[in-house]
Amino acid sequence: MSTRNRLVVLFASLVAFAVLPIFLKTYGVYLMTLFCVYLMATMGLNLTVGYAGQMSLGQAAFFGIGAYHAAILLTLGWPFFVVLPIAAVACFAAGLALGFPALRVQHHYLAFATLGFNVLVYLVMRNEEKLTGGTFGIANIPRPSLVGFSLDKPLPFFYFTFAATILLALALWWLLRSPWGRAFAALRDNPIRAESLGVNITAYTLLAFAIGAACAGIGGVYFATLVNFVEPAPFHVTASLTMLLAVIVGGSGRFFGPMLGTVVVVLLPEWLRFMQNWYLAVFGFAVVALMIWLPGGLLSIPERFKAKGAAE
Amino acid sequence: MAEDRIIEFDKVVAGYSPSLTILNETTLDARRGEITMLIGPNGAGKSTVLKTLFGMLVPRQGEVRFEGKRVNGKSQRELLADGIAFVPQGRNLFGSLSVRHNLELGGITLPRGELPGRIEEALARFPRIRERIDNQASTMSGGEQKQLEISRALLLRPRVLLVDEPSIGLSPILVQDVFKLLRALADGGTTVLMVEQNVRTALNFADRALVLEMGRLALDRPASELLKDPDLNRLFLGGHAPAKRSAGG
Ligand SMILES: Nc1ncnc2c1ncn2[C@@H]1O[C@H](COP(=O)(O)OP(=O)(O)OP(=O)(O)O)[C@@H](O)[C@H]1O
Ligand SMILES: [Mg+2]
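First to last, the sequence lines map onto chains A and B.
Residue numbering for the first sequence follows the working numbering, beginning at 1 and increasing consecutively.
Residue numbering for the second sequence follows the working numbering, beginning at 1 and increasing consecutively.
Among the clues, some could well be false.
Have a look at the derived ranges for each label pair, beta carbon to beta carbon [unchecked claim]:
1) B/R130 to A/A171: 44 to 54 Å
2) B/S138 to A/Q106: 42 to 52 Å
3) A/G296 to B/A81: 36 to 46 Å
4) B/R221 to A/L294: 38 to 48 Å
5) B/G142 to A/G28: 51 to 61 Å
6) B/Q136 to A/P295: 17 to 27 Å
7) B/A124 to A/G28: 56 to 66 Å
8) A/I86 to B/R125: 45 to 55 Å
9) B/R112 to A/F285: 44 to 54 Å
10) A/P142 to B/E121: 14 to 24 Å
Hints are computed from structural coordinates only; laboratory data are not their basis.
Keep in mind the model is a prediction, meaning the values are calculated, not measured.
C-beta atoms are modelled at their ideal positions from N, C-alpha and C, and glycine is treated no differently.
Please construct the entire structure, taking both the sequences and the accompanying hints into account.
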């Protein structure tokens, strides 16, 4: 596709996405908002995993840290736009900390290190009842209002979240198109070569985790205000696996990979609901098939066709 | 003149593990604005000399000096900032990135405003690269990739350029081009320290040849003199059987 065609497709999708909820019932609008919320986290994970080539099974922990920051501070009456940067910065710092193991270990060792981190965060959420409410969670998280305009209704809150998602996507786009973005890719391709060109691989490894974590934290804040209630369950390791799946299914290291992948992991389970107990099995099978035939993710399909056409 | 010696190795001991010594009290130097060729049999430690100089290996003993200052243990980033650039042996591009992005990475340490000008400078030097600028780097031929690597290293306008076997895989005409480029750089004041197996051709462009054997300097001669030496073939082109290396230490 030419750049112009791409822009047309992108613009059309954005418009469709903005218009669609007007025709949907409350649950449909909720799902679309949930998609945006997840997308913030998966876009961040795509930076960590897809662009910088690190492994992470802990993204849901940051999502949770963001959500609990929002839950605790918003119920205390702090303003939303104060809580949002606090949560982002807290997750950025936690992401930096999680980056340190990545300086020493790679691949499956790093997978376990990040998974362990997720378990730890989960246990804190569940056991530190005074702070987090334990398994009962924290309820009545208020939604913000925007210059006196209430965002309590599903549709306004959707647009509020949608706008934040677009802003975050633009920020990431800008970052990835900059020389710093290239340095992440260099780190993924070959850290030794990257270092010999002067790329500070320590800093970039840590930043890959920290920026990815901050995105998840921002998503977490929106998540808490969307569902108005947090408990540990949505931040379990399973959620981290789902997020990683979204990145890989869409096409890891491709800017629009998480958009497609998140549609699949958020919406497909809903669509497959009619199969009841079979849905997980079908979903699992589809993922296995995809990994075998399309390791580059859904976004690699056009290239596949092109390569085939060229070979013939 | 001592200040002429921009690079000095003073009894440097270095290796890849504590029990494996590759450079064994190696002493050598390279002079400013010259092309110094490092030759010797496979496994002699030529690449190791360049890697040690570029901070990829830390000497266990001895001193590496750049412009008279000790640089042992400096990071690659610091050495780049000091004015040393390195084109390692083999392939060194980021294959999944475009040619342009590969070039830009060479300038990652530059202030952002300077990058476009430097890239233009590099493209003017290698018109072939300009034609391929938006292609994926891995789709370029081996020779084109080497040109790109060299131009990427030159992006920082280094005062010392370390090149490890630039001629491998290049056609004879391209080899001449690369050597001519290095000669032009040296004539412009850049110091070139080059490892090269293509001895006879390279000697025509070099100022000095250092022969390394088992991690020690075996010979240090002006290039022109060595080229006239009737023993040249026997000495370096016949090939040496890799000698046993002392373990331990
Ligand atoms: N990364 C490494 N780890 C362990 N040993 C190494 C490593 N790199 C090189 N060596 C060993 O160090 C010795 C010198 O290697 P070096 O690469 O310096 O040789 P060279 O003179 O450049 O040879 P060539 O002409 O084949 O490139 C060799 O015996 C090699 O096996
Ligand atoms: Mg070598």
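Verification of the supplied hints:
B/R130 and A/A171 have their C-beta atoms about 32 Å apart, which leaves the hinted 44 to 54 Å range violated. For B/S138 and A/Q106, the hinted distance range of 42 to 52 Å is not satisfied, since their beta carbons lie about 22 Å from each other. The given range of 36 to 46 Å is respected by A/G296 and B/A81, whose C-beta atoms sit roughly 38 Å from each other. One distance hint, 38 to 48 Å for the beta-carbon pair B/R221 and A/L294, is violated here, with the actual separation near 60 Å.
At roughly 55 Å, the beta carbons of B/G142 and A/G28 sit within the given window of 51 to 61 Å. For the pair B/Q136 and A/P295, the supplied restraint of 17 to 27 Å holds, since their beta-carbon distance comes to about 18 Å. Roughly 57 Å separates the CB atoms of B/A124 and A/G28, a value that falls within the hinted 56 to 66 Å. A C-beta distance of roughly 51 Å is found between A/I86 and B/R125, which places it inside the suggested range of 45 to 55 Å.
Restraint check, B/R112 to A/F285: a C-beta distance of roughly 48 Å satisfies the suggested window 44 to 54 Å. A C-beta distance of roughly 58 Å is found between A/P142 and B/E121, which places it outside the suggested range of 14 to 24 Å.
Taken one by one, the earlier hints fail for this structure at numbers 1, 2, 4 and 10, listed in ascending order.
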